[in-house]
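J.: If you want the building blocks of each chain, they are given just below.
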Amino acid sequence: MSNIKAFVIKFKSLIGLIALCVIISIITPRFLNINNILNVLTQVSVNAIIAIGMSFVILTGGIDLSVGSILAISGAVAASIYIKTHSLFLALAVSIIIGALIGLINGALVSRGKIQPFIVTLATMTIFRGVTYVYTNGTPISGLLGKFSFIGNAKIIGIPFPVIITAIVFVITWYLINETRYGRYVYALGGNEDSARLSGINTEKIKTTVYLISGIAAAISGIIVTSRIGSASPNAGSGYELDAIAAVVLGGTSLSGGEGSITGTIIGAMIIGVLNNGLNLMNVSPFYQSIVKGLVILLAVLLDKKNKK
Amino acid sequence: MIKQPILEMINIKKSFPGVKALKGVNLRAYSGEVMALLGENGAGKSTLMKILSGVYKKDEGSIKINGKEVEIQGIKHAEELGVSIIHQELSLLSNLTIYENLFLGHEITSSMFKLNKNEMIKRTEELLKKFDFNISPKTLVKELTVGEMQMIEIIKATSKNSKIIVMDEPTTALTDVETKKLFEIIRQLKEQGVAIIYISHRMEEIYEICDRVTVLRDGEFIGEELLSNVDKEKLISMMVGRKLEEQFPYRKANLGDIALEVNNVCMGKKLKDISFKLRKGEILGIAGLMGSGRTELAKLIFGEYKKTGGEIFVEGKKVEIRSPKDAIESGIAYLSEDRKKEGLVLNLTVLHNMSLANLKRYEGRGFRINKEMELRDCEEYTKKLSIKTSSPYQIIKNLSGGNQQKVILAKWLLNSPNILIIDEPTRGIDVGAKKEIYELLNELKAQGKAIMMISSDMEEILGISDRIIVMHEGKISGELTREEANQETIMKYAVGITN
Ligand SMILES: Nc1ncnc2c1ncn2[C@@H]1O[C@H](COP(=O)(O)OP(=O)(O)OP(=O)(O)O)[C@@H](O)[C@H]1O
Ligand SMILES: [Mg+2]
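Each protein sequence line maps, in turn, to chains A and B. Position 215 (the first sequence) corresponds to 215 in full-length UniProt numbering; numbering is contiguous. Position 361 (the second sequence) corresponds to 361 in full-length UniProt numbering; numbering is contiguous.
Since the hints were derived computationally from the structure, they do not count as laboratory data. As the structure is a computational prediction, the values presented were derived from the model and not from experiment. Wrong hints could be hidden among the right ones.
Stated by the list, open to error - Pulled a few chain A residues facing chain B out of the computed Cβ check, cut under 7 Å:
hint	residue
1	LYS155
2	GLU179
3	ALA188
4	GLY191
5	ASN192
6	LEU198
7	SER199
8	GLU204
9	ALA300
Claimed, not checked - DSS-like cross-link-like pairs, simulated, lysine-lysine; straight-line CA separation at most 25 Å:
hint	chain 1	residue 1	chain 2	residue 2
10	A	LYS205	B	LYS306
11	B	LYS371	A	LYS10
12	A	LYS5	B	LYS306
13	B	LYS397	A	LYS10
14	A	LYS205	B	LYS340
15	A	LYS114	B	LYS340
16	B	LYS397	A	LYS5
17	A	LYS114	B	LYS306
18	B	LYS20	A	LYS5
19	A	LYS205	B	LYS360
20	B	LYS325	A	LYS5
21	B	LYS325	A	LYS205
22	A	LYS10	B	LYS57
23	B	LYS20	A	LYS10
24	A	LYS12	B	LYS397
25	A	LYS114	B	LYS325
Ideal placement from N, C-alpha and C gives every residue a C-beta, glycine not left out.
Throw the hints in and build the complete structure from the sequences for me.
T.: Right, here's the structure in full:
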């Protein structure tokens, strides 16, 4: 009895995801269709990658609201460089470096400046949205063809390329968090900063680097989004931070830090993606979709709380 | 005439996943008396008291208060039944003030739900005065020392007019003066007919303040005795199930070179002109009252605090230690006196807590942690320090207080530093395990490690130090060899009477 309960608690997000899939496929048979599934996975990848980066930040007890703006600016920069130089490598490299730099700024302000993460990233979110508007003059940068559109649209042995990128990001970060010293330090820092520091951990460095990781993840998502649409919009990614946080929370990670997992986050992102897709297939109006999504998050957190007692 | 107990807990059983914490335990408490509750770390003392105070629900057994059987539903219900408890782990809200904590859940309101702050502050002032505690009720709890927080917990528990008060290791963080004050209060409470249940690992305290004793071992009930009928040896053998000889196994030091030299070190007003040397193969005891700057000195050497003057040499080389990380790299380790705040990461496992300061050495190819090696070390030290845990993967929060302390100690022993600074190392640790820890320290000493031991436990300082430094108000007020040292001279230096 208690074994079953422990099992349910451990795999609650996964069980939730499976239950959701079952319910949706009963209601609409169009759900369980290989094309639809691949479509869902592709749509999930952008949020999943951002949410993985976000997980690092949240595991340390922080939050990163600036991911949507990082996505926009790195998408815009990638697009404009690609159009000018036609060098895919240059476009991608600069774009990711910009994401990393903004992450570093966030990290430095949080760790050295000792300002609350919410406030720091609220400010950089606003600033870099503005920077994107200035950079793009407020109009989308379009006309992205050729190699650039490969990233978002190509398939390799039938698997959409964004899904492959997500898988790679997942494997790397999973390794980082579960197999290396760095991962342990992230958990320890989120659990008790004083104990972590007094155990010889350079807590400032760890705090800075989680925002760096989040910035890079947002930039990668920015490239995928831009490539998929074939243009970089200055509004791209606005509100994405909330979907990412929702994925992290649905995956069982605690907002107060120290507890959670990357695997959970991926499942959380899938739950949101499947829910969106299912509601679309059922022709539910977007207004109601938003209500349903909110309720699902509340329900998940409430169930989690009850289990912990 | 046989006295009727006000509280009877009969055949109480309680299991957690993988652990049978209580296997049928009895406990009685009598009005106007203090019942000591004794047992090794993990024996089940805190669990039993958490059942009484409504934190946990019992699996089996019955509880009678004033002869009437009760089913305790929760914390509030226990309080209504007249039970209050001072928990082993502090449970104050650190971002609130003292008076807000004292009246938490019992706030005084005037009209229209408006809080009557002035009244609460006034009453808090009165309570604080009763304890000769000179501090503003509006002080934030996070600004207090551990000892002061403990005093607030005690004041909180005694202010509720309870019939039964449980004190789970109340003195671990108290100064001698504070402890004396606590005992005065306990005597007053006894006169008022309150029944007290008192948990402690300090034998002297038990004999000073308690009337009867109940002993648990491994979740079993061993017996209840009048304290006047049992001597210390008997009690210890009831607790550990065997005779314990020589509580302080001293071994003669084999002194080596100087490991650590501190020259004229200052830190603002907290530390003034501190100079001393620590040799390899030596245990240097640091005595002094709480607040005398001992912990500050330790943390300064460890790089957690910055010095404002002076020099530090490690193995003859001048060092600038800027962070705990630097210190560990120079071969210095520091065990904090405050395990919950500065030692543990509560939501991590025993294994991950123990390896936290030592991960570098498990790092293999691809920066991958060698988990087999990590586990092997953890199991070795779990055995060495007889840590009671259901598995290395148990969340450390679920260990008993003493066992948590052992894990943190293991973390630093595993680090195998050349200079080991330990701050109240045996806080909350039972008599049997204490001796094992002293043996381990002796072993380290024999290996040529230098050990600096801060302790408020006079017997411990006198029992295993090779040399003793006494601190008073941020200065070294005296230095004694093992032969010279005794309780009186240490106390004299500690309160600042020199010559
Ligand atoms: N919440 C919990 N989950 C799992 N095991 C627990 C939990 N609480 C206590 N235990 C286990 O129950 C046993 C008894 O613990 P308890 O805290 O009562 O010991 P104790 O006698 O108070 O020891 P100490 O002197 O170290 O404080 C221990 O083995 C402990 O690991
Ligand atoms: Mg206990």
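J.: Checked against the structure, which of the hints given earlier come out wrong?
T.: 1, 8, 9, 12, 20
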